[in-house]
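Number of protein chains: 2
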Amino acid sequence: MRDFSSNLSALAINTATLGHNVEGHGAGWPPERVVDACAQRGIGGIVYWRREIGSRSVPLGERTRAGGLRVDGLCRTPFLVGPLALPTRQAIMDDFYASIDMAAGLGAPVLTVVVGGVVPGTRGLSESLGLVADLMAVAAPRAAASGVKLALEPLHPVYAGDRSCLVSVRDAVALCNAIAHPCVGIAIDVYHVWWDSSLKEELKRAGPERILGYHLCDWLATTRDILLDRGMMGDGVADLKSIRATVEGAGYTGPCEIEIFSAADWWTRDPDDVLDTCVARFQRVC
Amino acid sequence: MRDFSSNLSALAINTATLGHNVEGHGAGWPPERVVDACAQRGIGGIVYWRREIGSRSVPLGERTRAGGLRVDGLCRTPFLVGPLALPTRQAIMDDFYASIDMAAGLGAPVLTVVVGGVVPGTRGLSESLGLVADLMAVAAPRAAASGVKLALEPLHPVYAGDRSCLVSVRDAVALCNAIAHPCVGIAIDVYHVWWDSSLKEELKRAGPERILGYHLCDWLATTRDILLDRGMMGDGVADLKSIRATVEGAGYTGPCEIEIFSAADWWTRDPDDVLDTCVARFQRVC
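Chains as they are written, first to last, in the numbering used here: chain A, 1 to 286; chain B, 1001 to 1286.
Next up, chain A with everything else stripped away, as it sits in the complex:
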């Protein structure tokens, strides 16, 4: 297990931690300011959200690297299925391709895929997952040609209805096997998997080359809002060191990305304080 107590190169900040994923939240720092604030602290990488990039993917990627940081990823594809997906397959795929192009422009090696919920009119998850497999198989060659890997992120089962019919690492590995493309893998987020006692065996089944990301936050024992009340590492009940040991034991050596959605708490604070706290907690409790 890597020692992070005096080395922040593996640490990446997902800008959602500063509220950049949701309109009207956070301090609204431009990406350049986030880059410089991260670089000053020795943070190794950054993960952006599409809404803050606009048409500036290439210059922002260059600016990030010039500032001393890696671009570790981009959030995210559109929902591919479910009640919140765009209305037509064509519109979904067009936006899927646009997200791949943006990741390529940024020089981001990984694009996170949040697959969307249960297809309206169907029941259970399998039919929706089958459609996800189809769309992923179509997009995968485009991603490969762009040098971008697609990281299927299983979300917490609480989101199964509307946001992600992919809710377990088990199902994510099965989906990877069904798609069977070398640029498709999975992202592991402690918020979504911390409760799962099968994590070790499922990650072993996945294999190290398929683990494309590891996301950090914490699960607050009393969660007030199921979407936007994630905890800072150390403030909740997830066993962060044990989960990282499991992920690294499965062969993962990539960045550890802090991604905290917290409308009522961390997003209301000074971003400098948030970043300082991220660094301190990363060194101590992750």
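Think of the hints as simulated: they come from the structure by calculation, not from any bench. Watch out, some of these pointers could steer you wrong.
Here are the simulated DSBU-like pairs of lysine-lysine, each with C-alpha atoms no more than 30 Å apart in a straight line [claimed, not checked]: (1) A:241 with A:200; (2) A:200 with B:1200; (3) B:1200 with B:1241; (4) A:241 with A:204; (5) B:1241 with A:241; (6) A:200 with B:1204; (7) A:204 with B:1200; (8) B:1204 with B:1241.
Using the hints, position chain B against chain A.
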């Protein structure tokens, strides 16, 4: 798979479906009225909550059977661990025993166990589950002597922090194995397990004698309140027929218990209409 289209004997109504589990909700019918309304419709059984029983367990059990219904169960033990548990082990066990005595008084064959969340000051689920195993092992002989089985109910992983460190059938089977007492088994609730692709193999691992209950409701694609916004069967995205086929395929032949927490919808309706809808949906979509 049993045919319920013209036979309601397997159907049980959990009185939470009428709001009887939470103070200030529902129409407040006395248990006798619920019994008669269920009997008129041919419903086979009833599952009570402790708060509506008080000291009348023996006469209410007799009244239920005299009215033509089975008492199929009692909800529930106190939380055994976690932030919402009583403050001392003695207080928890006293209340645990009181719930066993009430189930015995009612003549209920099964007492549902909701185990409680993560022990404050600990991380992850395993330490809390270990403590649950200890307390269950102490209580099991008392339950056995009273003719009551203890049904560990894995709740949805969204409740892991504060209400149930037991969040998967997989962990419930492991817990049964650790306790290793013939009166300890599990209850399967579609709300909590509908997303779980490992259900079939885990129920096979459990064995038929350990499946002590099957609970019905539905998962609404858009869930507005994570505790009190369960759906009526057919209104959500759970594949109810498939789940029942899995549960019965694992050997379960007992009652199917409708348990719908629905503060903003079904609890505001006329209980006669709720019961009529339960019967119609049970026959058609479960």
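Verification of the hints:
{"no.": "1", "hint": "A:241 with A:200", "verdict": "holds, 14 Å"}
{"no.": "2", "hint": "A:200 with B:1200", "verdict": "holds, 20 Å"}
{"no.": "3", "hint": "B:1200 with B:1241", "verdict": "holds, 14 Å"}
{"no.": "4", "hint": "A:241 with A:204", "verdict": "holds, 18 Å"}
{"no.": "5", "hint": "B:1241 with A:241", "verdict": "violated, 40 Å"}
{"no.": "6", "hint": "A:200 with B:1204", "verdict": "holds, 22 Å"}
{"no.": "7", "hint": "A:204 with B:1200", "verdict": "holds, 22 Å"}
{"no.": "8", "hint": "B:1204 with B:1241", "verdict": "holds, 18 Å"}
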